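2 protein chains.
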Amino acid sequence: MYNLFMKRNISEKVINRLTLYHYILQDFAEKNIEYISSKQIATLLKIDDSQVRKDLNLLNNSGKSRVGYIVDELKQSIENTLGFEKRKKAIIVGAGNLGMALAKYDNFTNYGLNIIGLFDNNPNKTGKVINNKQVLNIKKLKEFMQKNPVEIAILTVPAQNAQETAQYLASLNIKYIWNFTPKILDLDENVQVWNENLMGNFLQFTYEM
Amino acid sequence: MYNLFMKRNISEKVINRLTLYHYILQDFAEKNIEYISSKQIATLLKIDDSQVRKDLNLLNNSGKSRVGYIVDELKQSIENTLGFEKRKKAIIVGAGNLGMALAKYDNFTNYGLNIIGLFDNNPNKTGKVINNKQVLNIKKLKEFMQKNPVEIAILTVPAQNAQETAQYLASLNIKYIWNFTPKILDLDENVQVWNENLMGNFLQFTYEM
Numbered sequence: 001m002y003n004l005f006m007k008r009n010i011s012e013k014v015i016n017r018l019t020l021y022h023y024i025l026q027d028f029a030e031k032n033i034e035y036i037s038s039k040q041i042a043t044l045l046k047i048d049d050s051q052v053r054k055d056l057n058l059l060n061n062s063g064k065s066r067v068g069y070i071v072d073e074l075k076q077s078i079e080n081t082l083g084f085e086k087r088k089k090a091i092i093v094g095a096g097n098l099g100m101a102l103a104k105y106d107n108f109t110n111y112g113l114n115i116i117g118l119f120d121n122n123p124n125k126t127g128k129v130i131n132n133k134q135v136l137n138i139k140k141l142k143e144f145m146q147k148n149p150v151e152i153a154i155l156t157v158p159a160q161n162a163q164e165t166a167q168y169l170a171s172l173n174i175k176y177i178w179n180f181t182p183k184i185l186d187l188d189e190n191v192q193v194w195n196e197n198l199m200g201n202f203l204q205f206t207y208e209m
Numbered sequence: 001m002y003n004l005f006m007k008r009n010i011s012e013k014v015i016n017r018l019t020l021y022h023y024i025l026q027d028f029a030e031k032n033i034e035y036i037s038s039k040q041i042a043t044l045l046k047i048d049d050s051q052v053r054k055d056l057n058l059l060n061n062s063g064k065s066r067v068g069y070i071v072d073e074l075k076q077s078i079e080n081t082l083g084f085e086k087r088k089k090a091i092i093v094g095a096g097n098l099g100m101a102l103a104k105y106d107n108f109t110n111y112g113l114n115i116i117g118l119f120d121n122n123p124n125k126t127g128k129v130i131n132n133k134q135v136l137n138i139k140k141l142k143e144f145m146q147k148n149p150v151e152i153a154i155l156t157v158p159a160q161n162a163q164e165t166a167q168y169l170a171s172l173n174i175k176y177i178w179n180f181t182p183k184i185l186d187l188d189e190n191v192q193v194w195n196e197n198l199m200g201n202f203l204q205f206t207y208e209m
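If you read the sequences in order, they're chains V and Z. Per my numbering, the first sequence starts with residue 1, numbered consecutively. Per my numbering, the second sequence starts with residue 1, numbered consecutively.
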């Protein structure tokens, strides 16, 4: 099938900013505010107005009216462009605090991320129910995946278990790993890893301090 | 004082990559491996070898030897450049799962981030001890800051409390907020906010799926 959006060259930076704009639109919508200007968005994010306008021009239909962007339309337009309606199923591996925090993060669902299972190897954790999802023993993952095909795993195990767990996930045909551990995973080419580099972000943020 | 590193124009992307290289070096050091090549780093991160070499050339002393980079020297060199030894104190505001996960994240200390306090407004949470730190009532923050000056707050409260909490933090002279909530904070110019945009990262990662 021909995918309209694949062809567009929307950079990672733009995707990131569009998500931030969406947070703002969500907020305006909740407050029943009908219109928003690029200037308002720019001011909240402390970025340039021209940047916001440039980004919004990339959308198919940005819902621009004479009095500003129509909040609902602009919001919908970002959702269409970023593919929020394209549900993506994922499992969380590692039911420690971070795994639980992510499992409880209701916002994920709004953005098309559907957590369908939580796994851990610790018997003190398996059986617990978090956000209507039971923590299962990692040994049951293979069987689980036969009934519930899933390609994305969110890795939140302790650093020392990251590599072996990732290899195990790869062996079960997980194709995408969102890696929250501070370890670089050594995996085959066919597994894509996104390193959620918290320390890197912190260092970027505080570099000029 | 003249700061050598301020003058260098190290971009956010480079800081991010240097941190990832550091994760690898940390791992090699733990395994007592003495040398590493840019190629090895590039392969692990599935990026271009030339990119790694370019980044490492930005370091003052990259510890290059005839048989590759010397792991310990390269590691130290990244630490110097990114200022790991410049301890930065921070508090965590919001002792839910995410706040607790971050409080337990020992790696922070290695990267110069020193969590000196945890705060929450929920009496069920205050008093708990997490990673040797007691969760204090947010009402005690003002008093706490008089004894323990701190400029960075890590914001992990529920989304609906994000704005009011951030304003309160700003009123107490917090200058940097690392925002883990999916809300854009509306604050004065003198407060810097880093949005840890988890959904944006996820969408970037899975955009081509």
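It should be emphasised that the hints constitute simulated quantities derived from the structure, not laboratory data. Any given hint could be a false lead.
Which copy? The list can't say, so a pair holds if one copy fits it or any two copies do.
[Unchecked claim] Here are the simulated EDC-like cross-link-like pairs (lysine to aspartate or glutamate), alpha carbons at most 16 Å apart as the crow flies:
1) Lys125 / Glu151
2) Lys125 / Glu85
3) Lys88 / Asp27
4) Lys89 / Glu208
5) Lys147 / Asp27
6) Lys128 / Glu85
7) Lys133 / Glu85
8) Lys39 / Asp186
All values reported here derive from a predicted model rather than from experimental measurement.
Tested hints:
no., hint, verdict
1, Lys125 / Glu151, "neither (23 Å within a copy, 36 Å between copies)"
2, Lys125 / Glu85, "neither (32 Å within a copy, 37 Å between copies)"
3, Lys88 / Asp27, "neither (24 Å within a copy, 32 Å between copies)"
4, Lys89 / Glu208, "between (39 Å within a copy, 15 Å between copies)"
5, Lys147 / Asp27, "neither (38 Å within a copy, 36 Å between copies)"
6, Lys128 / Glu85, "neither (30 Å within a copy, 40 Å between copies)"
7, Lys133 / Glu85, "neither (22 Å within a copy, 42 Å between copies)"
8, Lys39 / Asp186, "between (44 Å within a copy, 14 Å between copies)"
In this structure, the hints that do not hold are numbers 1, 2, 3, 5, 6, 7, in rising order.
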